[in-house]
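Enquirer: Sequence:
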Amino acid sequence: MNGKQIIQLAAILGALAVAIGAFGAHGLEATLIKNGRLDTFETAVKYHFYHTLGIFLIGILAILKPDWRGLNFSAINLLIGILVFSGSLYILSIFGINWLGAITPIGGVAFILGWMGLFWAMKKNSPNAK
6 MNGKQIIQLA AILGALAVAI GAFGAHGLEA TLIKNGRLDT FETAVKYHFY HTLGIFLIGI
66 LAILKPDWRG LNFSAINLLI GILVFSGSLY ILSIFGINWL GAITPIGGVA FILGWMGLFW
126 AMKKNSPNAK
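Residue numbers (the working numbering): 6 to 135.
Treat the hints as calculated values from the structure; they're not laboratory data.
A quick note: this is a predicted structure, and the numbers were derived from the prediction, not measured.
Glycine is no exception: its CB is placed at the ideal position from the N, C-alpha and C atoms.
Honestly, I wouldn't trust all of these hints.
So the derived label-pair ranges between C-beta atoms look like this [as the list claims (entries may be wrong)]:
no. : residue 1 : residue 2 : range
1   : Ile96     : Lys9      : 30 to 36 Å
2   : Val114    : Leu58     : 30 to 36 Å
3   : Asp44     : Asn130    : 23 to 29 Å
4   : Lys39     : Ile108    : 20 to 26 Å
5   : Gln10     : Asn40     : 34 to 40 Å
6   : Trp104    : Pro132    : 20 to 26 Å
7   : Leu88     : Ile65     : 33 to 39 Å
8   : Lys129    : Asn7      : 38 to 44 Å
9   : His31     : Asn130    : 41 to 47 Å
Using 35 Å as the maximum straight-line C-alpha spacing, the simulated DSBU-like pairs for lysine-lysine come out as follows [said to hold, decoys possible]:
no. : residue 1 : residue 2
10  : Lys51     : Lys70
11  : Lys129    : Lys70
12  : Lys39     : Lys128
13  : Lys39     : Lys129
14  : Lys9      : Lys128
Build the full structure now, drawing on both the sequences and the hints.
Expert: This is the structure:
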């Protein structure tokens, strides 16, 4: 993906985070409270939004430094993290499918890989890299 595509992805993910958060607060609140999962849902929305902002920043960096390697790796891993971590928590919170909690940490690992990939890209591509 190029920087423009990464920013477009972030825009879609950001819109989804707002929509899902609003739907949870206004349309699903009773269900989430009944399931005892309001906090879980809120955590999913927060992580969705935090990592969307990370993807957005990676997109800006990719536009400024299009020759830098490793930025796609970072953006894709943050996307996988959103889909697996936040996605599994959304489904768990709404539908009570408890076994999904077992795959949530896979999304957390993807988040870590995304941020470490950004560290690696900065280290390998910056002018003072050693």
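Enquirer: Work down the list of hints and note, for each, if the structure agrees.
Expert: Hint by hint, here is what the structure shows:
1. Ile96 - Lys9: 30 to 36 Å: holds, 31 Å
2. Val114 - Leu58: 30 to 36 Å: violated, 20 Å
3. Asp44 - Asn130: 23 to 29 Å: Roughly 39 Å apart at Cβ, these two residues miss the hinted range, so it is violated.
4. Lys39 - Ile108: 20 to 26 Å: holds, 24 Å
5. Gln10 - Asn40: 34 to 40 Å: At roughly 37 Å between Cβ atoms, Asn40 and Gln10 fall inside 34 to 40 Å, so the hint holds.
6. Trp104 - Pro132: 20 to 26 Å: violated, 48 Å
7. Leu88 - Ile65: 33 to 39 Å: The hint (33 to 39 Å, Cβ to Cβ) is violated, given that Leu88 and Ile65 are roughly 22 Å apart.
8. Lys129 - Asn7: 38 to 44 Å: violated, 19 Å
9. His31 - Asn130: 41 to 47 Å: holds, 44 Å
10. Lys51 - Lys70: holds, 28 Å
11. Lys129 - Lys70: holds, 13 Å
12. Lys39 - Lys128: Distance of about 47 Å is beyond 35 Å: violated.
13. Lys39 - Lys129: violated, 49 Å
14. Lys9 - Lys128: OK: Lys9 and Lys128 at ~23 Å, within 35 Å.
This entry does not satisfy hints 2, 3, 6, 7, 8, 12, 13, going by the numbered hints stated previously.
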